[in-house]
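Trainee: Single-letter residue listing:
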Amino acid sequence: MALAGLFLILFLLVHLTINLFLLRDDQGAWFNAAAHFMGTNYLVRIFEYILFGGFLIHILMGIILQLKNWMSRPVRYHISNKSTTPFLSKYMIYTGGIVFIFLVIHFINFYFIRLGFIDTVHMENGHPNFYLVAKELFSLPLYTLLYLVLMVGLGFHLYHAFNSAFQTLGLSHTTYTPVIERAGLIYSIIVPLGFSIIPLYFWLII
Amino acid sequence: MDFTLKIWRQEHARAKGKFVTFQVKNISPDCSFLEMLDILNEELVDKIQLPVSFDHDCREGICGMCSLYINGHPHGWDDGVTACQLHMRKFKDGETIVVEPWRSKAFPVIRDLMVDRSALDTIIQEGGYVSVNTGQAPDANAVLVSKEAADLAMDAAACIGCGACVAACKNASAMLFIAAKVSQLALLPQGRIEAKDRVRRMVRKMDELGFGNCTNTYACEAECPKKISRTHIARLNREFMCAKLIAENTL
Ligand code: FES
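If you read the protein sequences in the order shown, they are chains A and B. 1 is the number of the first residue of the first sequence in the numbering used here; add one for each residue after it. 1001 is the number of the first residue of the second sequence in the numbering used here; add one for each residue after it.
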């Protein structure tokens, strides 16, 4: 769970870097080049399977864990627990659900096009032009709004996930744990914010 | 002080329980929570009614027998105390207090507020000990222990096994309990010898007995009357992972 999660956390950074190419004023040249590279390079294709494995393990284990945990208390308390705990840690399955919804939408809009399951009008030399696909999607205010809301959910999920993964792996240290906690906070703000800038840029500026 | 008590009453493990409301009057602020329940029970006995069953023994916060879930907190909201050391002055006069038993699949209700916590003993039997041959008491300086390790082990050993961590955890997980036991022994040279086997067996037993898994919510740490730290859970995870990487019955 934690290892798969940390792997996904790393992957998000790579994904964000590529997405930020969209902000370059080059009609998507860099972004499309990166998308093309990701779609054709063999090493990346192999990595893609590992990535899906990571997602699958993380999602399945998350669901199994949650079901087992719910079953561990068949009779609930009349007064629900009032202990002081990190707020978001109690709702990981729900914030995870939000991220999953995002994943499904994301697959339909981008990944299925790459696989050729879904057609797009934005084709260029036989390859889909993802810059134009993104531009078109983000020009829809409702889509952009949904994207932003889902990004907030992602941020909530990441905030607890980051520190939690280290604790699960047994990495607890008087000096490093506060640093990890701070890094987790920064990461969970910067990454969703980075992703959110892109639709806002397309919607408001272009 | 006067209080309205909403107490969970259940005749036996398979009976359907319900909350029953009682009024207690003229309670001294210096009464402990259990003493307040004693007063209620005496009144019930006088009225030829069944007293409320609850667990207790030492009444000085060291045995871990008392186990009441009071207004949404195991052992009540006060910090670092067990229910037997919780005083009525911590409540507001006239307050309604809801008292429930620990809730967990692994802790079935025996009667009213009493639950069967023998699952924790079963976990201890799996490895919460050090195997020694009886004989002469060894020389105190024969095995050296660093001050840091001794202090940390002592902190872990403060666990009284009351099960408040399980009661507080949203997953009813016993991780803090096991972490305290594993830590205490893993930190000392005498306990290191069986450390790998111990952690494997205790965690396996915890899963078997129906306790939940840790999702790092730390309600256990917040409610532990002995203030056992979550860092012990990290140590348990560390020990567990190292033990898992090595095949069983090998060094
Ligand atoms: S009765 Fe012993 S700890 Fe409360």
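Accuracy of the hints is not assured; some may be wrong.
[Unchecked claim] Sample of chain A residues facing chain B (criterion: CB under 7 Å; computed from the structure):
1. N69
2. S72
3. R73
4. V75
5. H78
6. H122
Just so you know, these hints were derived from the structure itself, not from any lab. Idealized CB from N, CA, C, for every residue including glycine.
Trainee: Look at each hint and say if it fits the structure.
Mentor: The hints, checked one at a time:
no., hint, verdict
1, N69, "holds (4 Å)"
2, S72, "holds (3 Å)"
3, R73, "holds (4 Å)"
4, V75, "holds (5 Å)"
5, H78, "holds (6 Å)"
6, H122, "violated (42 Å)"
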